[in-house]
Amino acid sequence: MLSYDQFVQWCQNLALTEQTIQQIAHIRNSPPSRRVHSRAGNVSGRYPSRKMGLTIQFESHRNELAAIYEMEYDSSVLEYYDQPPPFKLLYEAKNGRQIGVLHTPDFFVIRTHACGWEEWKTAEELERLRTQMPNRYQKQPDGSWRCPPGETHAQNFGLYYRVRSGAEINWNLQRNLLFLEDYFRTDSYPQNEQTTQKITALISAIPGITLAEIFNQGIKPDDIYALIASEKVYTDLQIAPLATQPERIQIFPDILTSKTFQREQRKTQLIQTEELPLPKASPTANNHLNDILTSASEKDCTQANRRYQIIAPYLQGSAPSFESIPKRTFYRWVNQWRKAEALYGSGYIGLLPKSHLRGNRLPKLPPATVNLLEEFIANDYETLKQKGKLASYSSFQKACSEQGILAPSYKTFALAIELRPQQEQITKRQGHRAAYKHETFHWELELTTPRHGDRPFEICHIDHTELDIELISSRTSVNLGRPWATFLTDAYSRRILAIYLTFDPPSYRSCMMVMRECVRRHSRLPQSVVVDGAKEFMSVYFERLLAAYECTKKTRPAAKPRFGSVCERLFGTANTMFIHNLQGNTQITRQSRQVTKAVNPRNQAVWTLGSLYQNLCDWAYEFYDNKEHPALGKSPRIAYEEGLILSGNRSHKLISYDETFRILTLPTTTKGTAKVIPNQGVKINHIYYWHNSFRSRTVEKTQVPVRYDPFDASCAYAYVKGQWVSCISQHYSSFYGRSEREIIAASEELRKQYKNHSQNFSINAKALAEFLASTQATETVLLQRLRDAEAKDVLSTMETSLHNQTPERVPIPTQLNNAIPFKTEIDYSATPDTSSDSEIQPYDEFW
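In my numbering, the protein residues as written are 199 to 1045.
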């Protein structure tokens, strides 16, 4: 982003008026005017922009996200803002009325020599809008688009307003920018100087050498991709995708060498073209001939082939043979052959049978009957009443009788219903959700970015499902219900990257834990995360974590499971291949009338949460991971490993699973900070937490960043004097091991108890501690306590299981994580030195 001085200098360079400067400053200082949503099949999301230092919204990952990539890596774009403040467009509607609409453009873009609003739409949508609003959207002869009312508004400030079409997007460039983004986003890729010199020497010696030939020289993909991203070597990213067509990617020392090489190559091709003889123009194809051939069925062609075999000897000069067919039929076929040969240049056409043209093909019913039939089906049968065919036909017969119209048979009526579009019919009778499975599958016929990415960790899906099994407590054997599983799946390799299991319904805790498990197992986070529109994925904590590690969040449309088919299909696989083979599974509950006490899954349950999690991990990480996937033709593990080899290991993106990362995956308060109260500490969720560093006069009464552990209310973390410190609760023994959900349940029970006694009762730490320690805890709190105890087994399994070794260096690209040390408190008896504010001392005796 531009600093204040740079912005002032830019305004002076463009000689902007004071009114224009104020308008631009207002846009720069305003938050997005609206939050984008996934509707009507569009995938919205947030992109972590390094250029802007904040997340940028997009409403379509096939249009607006492509615009963001273009602006992010365009050196002429200085700043860009999503969803700027709206303004009014005045124009004449199609019916001639003057109307005004409040319009929010997609972006406001500040370029080196210009500035203005940009609206991005697909080419299909623009064509539709041009018909509906001809005075608002206009297509130019060169294929570009204009919005006259938008241009009028922009001209008042001396700025521009542009309508950008999806047809302008170069998808090869988009795909390559996405593929190289990990290298663009690092300033210190660990390059070996000797390797760099070897690569540049090879490219200088052979300008135009292909990427595939470089790989054959034993050069690692990481090294050459890093050189391309840092512009130490040059290739045209618009030619072909780096990931799948390395044989078409030519590498040059610089852009000047590339232009010279291509100029010479064009000269050579021109000379070779001039030496070749010009081909003779071929006759134009007969359209009628093509229509006849394409309309012929396989049965028609078989019949024509049989006829040709009979008359072929006669056409070649032999005597006619009438053994298999009559003489008249033989000469009729010959005559048809010669006529077709004279008309179309192909006698074979004359031998094709024309049985589909025989008979009376016109409708038998009178037009009045047909019109009434269509009207009755649309207005009587295709309604939310969901009337049966016979009932609707009876009403139709009555209407025909009253109007004196011939009524067709019930069979004809039912056939007319069956011939109606199925999706449209089910939508009218049962709603759009019921009709979704009948929706036409849209194949991507145009070149865009692959729906599953070009490499592992490029696109990953997170989703939750309630497993079909009842579990019990390992301590009391009490039935605790069905668990929720959260899966993080790699779309490219279909590999399950991480699993988290809990009794709690989906929440931000499940999202944070599955991301933490992904880093623990793989030392990486995805480049893009696809989620649904559930509230846990809209959590501030989850979005903050994604932004801190520069992960793009994509939100798929509601009630459109095909957009998350990778994860949705995996849920079914996990249930059918693993869960449904365990005792206590709930398959029988689908036929509720067949469930008796003897076969009720709640009475058959034997599995605990910890044992199920361990076995589910074994199935996912060993059995499923090594089983051939039908869509890949190989196992997910092999696809994952091959993908890393081809696309580069990208070791500079590895993340250490340490205490700092663990703290950053913890939730915080609404503001993200808490005020340090003298002699009491920071207050988080009604509970005070203390650390000796709070005694410092420079810290008292200040706002400090805080984090709390949702699985242990006895401790929290505060960021004081450049480091994270561990704070303990004033009622440590009562809150130790208590989860956030148990604290919430206890708070609700306390409110219920005191509701009729005191209107001014407020929840505090002391009341919560006494309630949790007493015998007043209700069934809800006790059940949550049992579930939390089981969850500790899952957490223990996650922490003690084998995991990948990670390097010591921790490349975390945000100011949140820049060398944030963690202070471990071990000496609780040391006396603090309050005279020094530069050093944080551990606890002394606490209260």
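Take these hints with a grain of salt, some might be off.
Derived PhoX-like pairs (lysine-lysine); straight-line CA-CA distance at most 20 Å [stated by the list, open to error]:
1. 626 <-> 583
2. 396 <-> 418
3. 919 <-> 881
4. 465 <-> 430
5. 537 <-> 552
6. 752 <-> 319
7. 292 <-> 337
8. 758 <-> 733
9. 869 <-> 881
10. 881 <-> 899
11. 899 <-> 869
12. 585 <-> 596
13. 635 <-> 758
14. 587 <-> 609
15. 609 <-> 585
16. 525 <-> 537
17. 609 <-> 596
18. 585 <-> 626
19. 537 <-> 562
20. 497 <-> 465
Computed Cβ-Cβ distance ranges for the label pairs, DEER-style [to be verified]:
21. 201 <-> 871: 55 to 61 Å
22. 871 <-> 821: 22 to 28 Å
23. 368 <-> 248: 17 to 23 Å
24. 703 <-> 251: 42 to 48 Å
25. 492 <-> 540: 20 to 26 Å
26. 612 <-> 497: 36 to 42 Å
27. 931 <-> 248: 44 to 50 Å
28. 849 <-> 492: 51 to 57 Å
29. 621 <-> 402: 55 to 61 Å
30. 673 <-> 813: 56 to 62 Å
31. 497 <-> 821: 55 to 61 Å
32. 809 <-> 767: 25 to 31 Å
33. 382 <-> 497: 39 to 45 Å
34. 497 <-> 628: 47 to 53 Å
Quick caveat, the hints were computed from the structure, so don't treat them as lab data. Yeah, the Cβ is synthetic: ideal placement off N, Cα and C, and Gly gets one too.
Structure-based check of each hint:
no. : hint                    : result
1   : 626 <-> 583             : 10 Å, holds
2   : 396 <-> 418             : 12 Å, holds
3   : 919 <-> 881             : 19 Å, holds
4   : 465 <-> 430             : 28 Å, violated
5   : 537 <-> 552             : 15 Å, holds
6   : 752 <-> 319             : 18 Å, holds
7   : 292 <-> 337             : 16 Å, holds
8   : 758 <-> 733             : 17 Å, holds
9   : 869 <-> 881             : 12 Å, holds
10  : 881 <-> 899             : 12 Å, holds
11  : 899 <-> 869             : 16 Å, holds
12  : 585 <-> 596             : 16 Å, holds
13  : 635 <-> 758             : 9 Å, holds
14  : 587 <-> 609             : 10 Å, holds
15  : 609 <-> 585             : 17 Å, holds
16  : 525 <-> 537             : 19 Å, holds
17  : 609 <-> 596             : 17 Å, holds
18  : 585 <-> 626             : 12 Å, holds
19  : 537 <-> 562             : 34 Å, violated
20  : 497 <-> 465             : 53 Å, violated
21  : 201 <-> 871: 55 to 61 Å : 26 Å, violated
22  : 871 <-> 821: 22 to 28 Å : 46 Å, violated
23  : 368 <-> 248: 17 to 23 Å : 22 Å, holds
24  : 703 <-> 251: 42 to 48 Å : 35 Å, violated
25  : 492 <-> 540: 20 to 26 Å : 22 Å, holds
26  : 612 <-> 497: 36 to 42 Å : 28 Å, violated
27  : 931 <-> 248: 44 to 50 Å : 46 Å, holds
28  : 849 <-> 492: 51 to 57 Å : 55 Å, holds
29  : 621 <-> 402: 55 to 61 Å : 59 Å, holds
30  : 673 <-> 813: 56 to 62 Å : 19 Å, violated
31  : 497 <-> 821: 55 to 61 Å : 48 Å, violated
32  : 809 <-> 767: 25 to 31 Å : 26 Å, holds
33  : 382 <-> 497: 39 to 45 Å : 59 Å, violated
34  : 497 <-> 628: 47 to 53 Å : 38 Å, violated
Hint check: violations occur at hints 4, 19, 20, 21, 22, 24, 26, 30, 31, 33 and 34; the rest are consistent with the structure.
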